[in-house]
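Chemist: Here is how the chains run, residue by residue.
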Amino acid sequence: MGQSTSLIRTTKLQRTYQMGKNTVQALAGVDLEIERGTFVALVGPSGSGKSTLLNVIGGLDRPSSGEVWVSDLELGQAPDKKLVSFRRDRVGFIFQSFNLLPTNQAWENVALPLMLAGRSRSERRQRAESLLEQVGLGDRADHRPAELSGGQQQRVAIARALANDPVLILADEPTGNLDSRTGRDVLLLLQRLVREQNVTLLMVTHDMNAASYADRIVHMRDGKIEQIETIERTAEAVA
Amino acid sequence: MTFGDILRTAWSNLTRRKVRTSLTSLGVTVGIFTIVVMLSLGVGVQRVIQQQFDAIGLENVVVQPRDAERNPYTRYVRPEREVVISPAKIAEWQQMDDIVSVTPIVDVNESISKRLVLPGDAAATIAVGVDPGIGINNPFETPPTALAGVLRPTKDGEIVISQRALRRLGLTAEVNNLIGQKVQLIMETPRGESQSFDYTLVGVSSVDNNLVALTPNDSIALKAWWFNEPDLLDKEGYDYALIRAKDLNVARQLTTQLRAERFRVQSVETVLELASKIFLVINIMLGSVGGLALFVATIGIMNTMIMAIYERTREIGTLKAIGASRGNIRTLFMTEAGLIGLFGGIVGLLGGWGVGRILNRVALAYLEREEVPIRGDFFYIPPWLIGLAIGFGLVVGIVAGLYPAARAARLDPIKALRHE
Numbered sequence: 001m002g003q004s005t006s007l008i009r010t011t012k013l014q015r016t017y018q019m020g021k022n023t024v025q026a027l028a029g030v031d032l033e034i035e036r037g038t039f040v041a042l043v044g045p046s047g048s049g050k051s052t053l054l055n056v057i058g059g060l061d062r063p064s065s066g067e068v069w070v071s072d073l074e075l076g077q078a079p080d081k082k083l084v085s086f087r088r089d090r091v092g093f094i095f096q097s098f099n100l101l102p103t104n105q106a107w108e109n110v111a112l113p114l115m116l117a118g119r120s121r122s123e124r125r126q127r128a129e130s131l132l133e134q135v136g137l138g139d140r141a142d143h144r145p146a147e148l149s150g151g152q153q154q155r156v157a158i159a160r161a162l163a164n165d166p167v168l169i170l171a172d173e174p175t176g177n178l179d180s181r182t183g184r185d186v187l188l189l190l191q192r193l194v195r196e197q198n199v200t201l202l203m204v205t206h207d208m209n210a211a212s213y214a215d216r217i218v219h220m221r222d223g224k225i226e227q228i229e230t231i232e233r234t235a236e237a238v239a
Numbered sequence: 001m002t003f004g005d006i007l008r009t010a011w012s013n014l015t016r017r018k019v020r021t022s023l024t025s026l027g028v029t030v031g032i033f034t035i036v037v038m039l040s041l042g043v044g045v046q047r048v049i050q051q052q053f054d055a056i057g058l059e060n061v062v063v064q065p066r067d068a069e070r071n072p073y074t075r076y077v078r079p080e081r082e083v084v085i086s087p088a089k090i091a092e093w094q095q096m097d098d099i100v101s102v103t104p105i106v107d108v109n110e111s112i113s114k115r116l117v118l119p120g121d122a123a124a125t126i127a128v129g130v131d132p133g134i135g136i137n138n139p140f141e142t143p144p145t146a147l148a149g150v151l152r153p154t155k156d157g158e159i160v161i162s163q164r165a166l167r168r169l170g171l172t173a174e175v176n177n178l179i180g181q182k183v184q185l186i187m188e189t190p191r192g193e194s195q196s197f198d199y200t201l202v203g204v205s206s207v208d209n210n211l212v213a214l215t216p217n218d219s220i221a222l223k224a225w226w227f228n229e230p231d232l233l234d235k236e237g238y239d240y241a242l243i244r245a246k247d248l249n250v251a252r253q254l255t256t257q258l259r260a261e262r263f264r265v266q267s268v269e270t271v272l273e274l275a276s277k278i279f280l281v282i283n284i285m286l287g288s289v290g291g292l293a294l295f296v297a298t299i300g301i302m303n304t305m306i307m308a309i310y311e312r313t314r315e316i317g318t319l320k321a322i323g324a325s326r327g328n329i330r331t332l333f334m335t336e337a338g339l340i341g342l343f344g345g346i347v348g349l350l351g352g353w354g355v356g357r358i359l360n361r362v363a364l365a366y367l368e369r370e371e372v373p374i375r376g377d378f379f380y381i382p383p384w385l386i387g388l389a390i391g392f393g394l395v396v397g398i399v400a401g402l403y404p405a406a407r408a409a410r411l412d413p414i415k416a417l418r419h420e
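Protein chains in written order, with our numbering: chain D, 1 to 239; chain A, 1 to 420.
Hints listed in this document are in silico derivations from the structure and should not be mistaken for laboratory results. Quick reminder that beta carbons are idealized off the backbone N, C-alpha and C, glycines included. Among the hints, a few may not be true.
Stated by the list, open to error - BS3-like mimics (lysine-lysine), calculated; alpha carbons at most 27 Å apart, straight line:
hint: 1; chain 1: A; residue 1: 182; chain 2: A; residue 2: 155
hint: 2; chain 1: A; residue 1: 114; chain 2: A; residue 2: 246
hint: 3; chain 1: A; residue 1: 223; chain 2: A; residue 2: 182
hint: 4; chain 1: D; residue 1: 82; chain 2: A; residue 2: 415
hint: 5; chain 1: D; residue 1: 81; chain 2: A; residue 2: 415
hint: 6; chain 1: D; residue 1: 224; chain 2: A; residue 2: 155
hint: 7; chain 1: D; residue 1: 82; chain 2: D; residue 2: 12
hint: 8; chain 1: A; residue 1: 114; chain 2: A; residue 2: 223
hint: 9; chain 1: A; residue 1: 415; chain 2: D; residue 2: 21
hint: 10; chain 1: A; residue 1: 182; chain 2: A; residue 2: 114
hint: 11; chain 1: D; residue 1: 12; chain 2: A; residue 2: 415
hint: 12; chain 1: A; residue 1: 155; chain 2: A; residue 2: 246
hint: 13; chain 1: A; residue 1: 114; chain 2: A; residue 2: 155
hint: 14; chain 1: A; residue 1: 235; chain 2: A; residue 2: 155
hint: 15; chain 1: A; residue 1: 223; chain 2: A; residue 2: 235
Stated by the list, open to error - Here are some chain A residues the structure puts well away from chain D; computed CB gaps all over 12 Å:
hint: 16; residue: 2
hint: 17; residue: 83
hint: 18; residue: 206
hint: 19; residue: 289
hint: 20; residue: 320
hint: 21; residue: 382
Said to hold, decoys possible - Which stretches of chain A does chain D cover? Using the computed rule of at least three CB atoms under 8 Å from a CB of chain D, they are:
hint: 22; stretch: 309-318
hint: 23; stretch: 410-417
Produce the entire structure from the sequences given, and follow the hints as far as they go.
Modeler: This is how it looks when you write it as structure tokens:
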């Protein structure tokens, strides 16, 4: 595979599920290329396959056929162990309902991927604190999730997704559980991270307003890409 | 994940449901408690008995002559002896290496009528028995002591009388003043023949019976007169010999050797070996009761872990999504189950120890009231039992965690993340 600037490349990607006697085609041949350092929104009605595409690209699900490359790794054929280390070392996940561990303090939640990677506790603490600082929660390191607001919890989750210095961040409806104001803050934070850290962000949403913060919007329907929209921003809009 | 991280995470997961965790490990506690109490009782009692036997002296060997085969026509005649403990034999044994002492013992039969007589003005008479003085004390009785003088006569013509017999004779003075008193023992056959033997009192014993103690030679003289056989010692020898060997090994060798010479030999060790076998069976039975409790506890832990996995499905999904391997998840849940078992084991051990202490006090108080001179630890916890209790608790937890942990590890992260 020749290495261009594209980080993600899928070819003829298919994913079918067996639901009782029916075969459901969640992905019906997706060809997609995403360049490094872009903020991409995946939009479409429910059942359009956007979450399945996100899971396949994140190494949580395997395609039924076709290829999915993330940088130099083909995820469809990679052994389970490779997928585990891929998720642990190179991907960050952000979920709709935050999914923080309730018994862990904010910094411990942020440092979870580092713990799985076997880093020392002092290193984890240091890294987690600087990440919490970045998302504006430097003073909340020792709080438990229950002591934080929804927006704060999602920002902890974003810090967690950044902990392993990923090449790719996958977000599934990150603003779905937030009110519009906090949602906007979170989207601006994500936008800023993409720009400042040259990280690639793939976000699933059904909210067109949320999608408008992305550089590109991929419209999906019935397991296929319908249309790809590139958002041109003027210098002022970016600022 | 390092082992420290696993432990810390498992601990914080367990402490979030403190009541449930405690109740689950209570099952293990009951099982381990039962095992500890039962086994420490088994071990403790065995040890106390061993100590009693040690006090008797395992190096002691009791030798008896063997009676010759009887035929139906000699049933009412005293049996011939196949081998005889003669004075020469005693001397031979005394010459052997590693032998501390050899004591000949004569058993003056109870049915031989003998009366103790106080000569002089205050003449009085009581029937007495002759204490053969085996030299091995009954562990369930307080050993006799010499209230005055010595406990056993050392020279022919000397006698030791129990305090009780002296009282019955009317000698109620301070026992020390009675030493040197002359007494007679009168023997009478059913045909009316009688013979008197003179002795000097050299000691008063605390034996709670009408007993006198004589030297082996004096005892033989009594029997020789009774059976009208002046050469009784040459013909029949002594009735027992107590051989005290230097140590247990010598005692064992001696036992084998004397048995080969056709003597009847009893060593305390033989009895102890039998006791050990009985105690092994008892211990296994008692331990099984606790084992059953542990089996129930295993099911309890399994149930708790399956519930915990159900509750934490989303969490497991999250951990898998952000890079936890199946091994990580499995180790985490096995550790949680193992910790439940471990705590149950430790608490059960402490509880078993505490209850053992209390029961031991009760037992000792009872023995003291009954004047049984046995002291010791009836609930003894040897180091191996500590290891067994804690190790068993841990193993029970880990075994109970195997299936739930495997189930958690197998969870599909996508389904787990969607779980409500």
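Chemist: Decide, hint by hint, whether the structure agrees.
Modeler: Hint-by-hint comparison with the structure:
{"no.": "1", "hint": "A:182 to A:155", "result": "15 Å, holds"}
{"no.": "2", "hint": "A:114 to A:246", "result": "38 Å, violated"}
{"no.": "3", "hint": "A:223 to A:182", "result": "21 Å, holds"}
{"no.": "4", "hint": "D:82 to A:415", "result": "21 Å, holds"}
{"no.": "5", "hint": "D:81 to A:415", "result": "19 Å, holds"}
{"no.": "6", "hint": "D:224 to A:155", "result": "120 Å, violated"}
{"no.": "7", "hint": "D:82 to D:12", "result": "22 Å, holds"}
{"no.": "8", "hint": "A:114 to A:223", "result": "11 Å, holds"}
{"no.": "9", "hint": "A:415 to D:21", "result": "19 Å, holds"}
{"no.": "10", "hint": "A:182 to A:114", "result": "17 Å, holds"}
{"no.": "11", "hint": "D:12 to A:415", "result": "25 Å, holds"}
{"no.": "12", "hint": "A:155 to A:246", "result": "26 Å, holds"}
{"no.": "13", "hint": "A:114 to A:155", "result": "21 Å, holds"}
{"no.": "14", "hint": "A:235 to A:155", "result": "23 Å, holds"}
{"no.": "15", "hint": "A:223 to A:235", "result": "12 Å, holds"}
{"no.": "16", "hint": "2", "result": "6 Å, violated"}
{"no.": "17", "hint": "83", "result": "80 Å, holds"}
{"no.": "18", "hint": "206", "result": "72 Å, holds"}
{"no.": "19", "hint": "289", "result": "38 Å, holds"}
{"no.": "20", "hint": "320", "result": "8 Å, violated"}
{"no.": "21", "hint": "382", "result": "39 Å, holds"}
{"no.": "22", "hint": "309-318", "result": "holds (count 4)"}
{"no.": "23", "hint": "410-417", "result": "holds (count 3)"}
Violated hints, in rising order: 2, 6, 16 and 20; the structure is consistent with all others.
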